[in-house]
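Enquirer: Heads up: the sequence lines are chains E and X, in that order. Residue -14 is where the first sequence starts when you use this note's numbering, and the numbers rise one by one after that. Residue 1160 is where the second sequence starts when you use this note's numbering, and the numbers rise one by one after that.
Since the hints were made in silico from the structure, they are not lab data. The structure presented is a predicted model; accordingly, all values stated were derived computationally and were not measured. Even glycine gets a Cβ: it sits at the ideal position worked out from N, Cα and C. Mixed in with the good hints there might be a few duds.
[As the list claims (entries may be wrong)] DSS-like cross-link-like pairs, simulated, lysine-lysine; straight-line CA separation at most 30 Å:
#1 LYS1252(X) <-> LYS1171(X)
#2 LYS2(E) <-> LYS1171(X)
#3 LYS1192(X) <-> LYS2(E)
#4 LYS1192(X) <-> LYS1252(X)
#5 LYS1171(X) <-> LYS1192(X)
#6 LYS33(E) <-> LYS72(E)
[What the hints assert, rightly or not] Output of the computed footprint for chain X on chain E, the stretches with three or more beta carbons under 8 Å from beta carbons of chain X:
#7 -9 to -2
#8 27 to 40
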Amino acid sequence: MSDDLPRAHHDMGGVSKYACRPVDTEQHALTPFDREVDALRQLLGARKVMSVDELRRGIEAIPEETYHALTYYQRWMRSITDNLLRKGVLTEAELEQALAELG
Amino acid sequence: MTLAPGTEVHVKFDWPEARGPAHIRTPHYLRGKTGTVVRHLGDFANPEDLAFARPAVILPLYHVRFDARTLWPDAVTADEILVELYGSWLEPK
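The shape of chain E in the complex, shown without the other chains (with noise of 0.2 Å):
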């Protein structure tokens, strides 16, 4: 695969950087935090308010740097509140203030 076209980051299928390295098969515990994340999305989903299609898009949308630095779970959270603030459903306020409180 030639290095010059136009590949987005998330699209790691076959690139050749990681034909060299062993595939992490281990099972890895859910934290409460990833539960309560994809509880959260299957309600967003179940109340029509965004998509898993808008799910991953969102996520795509990170920048690189962050992306990696991003666990899974962490990713969707990304993702939700990116979708929630372009769609008015929070405003940035809200957030802040929300963060605030929790210290």
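Got chain E sorted already, so can you dock chain X onto it with the hints?
Expert: Then chain X, alone, in the frame of chain E:
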């Protein structure tokens, strides 16, 4: 028109991600490659539109089989790669 199993198909050599925000479920390594339809999996709303909450056309989804050696010239075994692809990305050869 639904593609029949066994139909040779060409995956479009197209890069929508280079033209602006996009959500694409056709992996980069299949663009421009040739595979064989294995089965029609059903018809689904186009995720490229759903990802932006736009009205979405209904598209056929297929299992398409590729020979690993046609995707990666240095592949040492004749592995088969089976991928789910939407009809909008496929052109019969």
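Enquirer: Hint by hint, say whether it matches the structure.
Expert: Each hint, compared with the structure:
1. Restraint check: the Cα-Cα separation between LYS1252(X) and LYS1171(X) comes to about 11 Å, which is no more than 30 Å; the hinted pair holds.
2. Pair hint LYS2(E) plus LYS1171(X) holds up; C-alpha atoms about 25 Å apart against a cutoff of 30 Å.
3. In summary, the hint linking LYS1192(X) to LYS2(E) is supported, as the alpha carbons are separated by about 21 Å, within the 30 Å threshold.
4. About 11 Å separates the Cα atoms of LYS1192(X) and LYS1252(X), which keeps this hinted pair within 30 Å; it holds.
5. Between the alpha carbons of LYS1171(X) and LYS1192(X) the distance comes to roughly 8 Å, so the proposed pair stays at or under 30 Å and holds.
6. Between the alpha carbons of LYS33(E) and LYS72(E) the distance comes to roughly 12 Å, so the proposed pair stays at or under 30 Å and holds.
7. Counting residues of the segment -9 to -2 of chain E whose beta carbon lies closer than 8 Å to any beta carbon of chain X gives 5, which meets the minimum of three for the stated coverage.
8. Counting residues of the segment 27 to 40 of chain E whose CB lies closer than 8 Å to any CB of chain X gives 4, so the stated coverage by that chain holds, three being the minimum.
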